[in-house]
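J.: Let's have the full structure, built from the sequences with the hints guiding it.
There are 2 protein chains.
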Amino acid sequence: MLNNKFMKKAIVLLSGGLDSTTVLGIAKNLGYEIYALSFDYGQRHDIELESAKKVAKIFQVKEHKTAKIDLRIFGGSALTSEIAVPKDHVQSAEIPVTYVPARNTIFLSYALAYAETVGAFDIFIGVNAVDFSNYPDCRPDFIAAFEKLATLATAVSVENKGHFKIHAPLMQMSKKEIIETGISIGVDYSQTHSCYDPIIENENILSCGKCDSCYLRLEGFVAAGKKDPIKYC
Amino acid sequence: MLNNKFMKKAIVLLSGGLDSTTVLGIAKNLGYEIYALSFDYGQRHDIELESAKKVAKIFQVKEHKTAKIDLRIFGGSALTSEIAVPKDHVQSAEIPVTYVPARNTIFLSYALAYAETVGAFDIFIGVNAVDFSNYPDCRPDFIAAFEKLATLATAVSVENKGHFKIHAPLMQMSKKEIIETGISIGVDYSQTHSCYDPIIENENILSCGKCDSCYLRLEGFVAAGKKDPIKYC
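Protein chains in written order, with the numbering used here: chain U, 182 to 414; chain R, 182 to 414.
Treat the hints as calculated values from the structure; they're not laboratory data.
A pair counts as met if it fits within one copy or between any two copies, since identical chains are not told apart.
BS3-like, lysine-lysine: derived pairs with alpha carbons at most 30 Å apart:
hint	residue 1	residue 2
1	Lys249	Lys346
2	Lys408	Lys234
3	Lys249	Lys238
4	Lys190	Lys249
Quantities reported herein were computed from a predicted structural model and do not represent experimental measurements.
T.: Now the structure itself:
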């Protein structure tokens, strides 16, 4: 491990889910000093944010901030409004109701503000084009466009001091590969949370096992030949 | 005026200042149905937001939303933190302390979420490269990069339904030209607010007349040969 003074800083967007936790593991494994950023954006429940806190602690990040943002003022998604979360996973070519308009653009914008403040040029995000091909802001051309914007948007472009890099290491991975990668670098998935619609029973968090997010997670663990350490209904 | 059914919708970023109010006037004058968006971002005072409300009402916008966002969690600017607002305007090639990291990127990201929700493809922003040449996110290449990002970031890129346009009509105008343009289309500047550091005396809002923002505003009115209708200390 490098001395802190010489470690490169990275912002990692951390939801506390399986994907972003794996990304945090990857960034840590690459030797970055981690500044984790989570969002309290009017999720249906705050289990996700609790997971993010636990994960940040396990990985001994340098700093963990949670930005409170209210995406509900615009409405428009099952994750933030009263639209029902769909169950019984169905493959479709359409944009899912769980899509939040411009969410990753907003998240990356905050990450950029954070990066500029702490002097980081590297931002890690757990987007994935395999499982989320119908989310426009989970695709490689979106990430490339944001990377280009990031340098132009910040003081470094005036002072000509460097370039931002948006790392999306999971972009082309299947869920199986994500889980295998995480396990190979020691990521503990027992503290992560993925379910869109969990219930709490006797202080235990039980994932529904039926929403898109649970479906993809469970399928990934089965394909990787591993047992998912979290509890289901 | 077109029937509402056929009017094109536009999102207008509205701070309640001279520039954004002029932009709102321009968008209205072009026949757009206006969805105004303001930000409560931990400004030193809420006089700006009150101005935004008054201006939105005067222009009879279709809808006016205020997004509460906390940029103070990152610190780093005189407009949101405890750094002193500089007085006695000095021209400098450096980035001013009033620069808020990635602010316009965050503002435009929210505007994009709003646009996607209401079905607008036009976003208006009052950035200006003449007076704010040292703010990286007030320059034409930044706006062009965001415009490119916007279409890629949203559902329309998946459904191939259209392209976003980021309008920055003040980009190349001097303050004199901005004021002349506004007056020519009937903008009432008495309800606008520009000062970074105002005081309230007997329920009157008095602008300091000394911060960068006041300096540029007053200089603009003098150059345009008009009297600024707001009160100063």
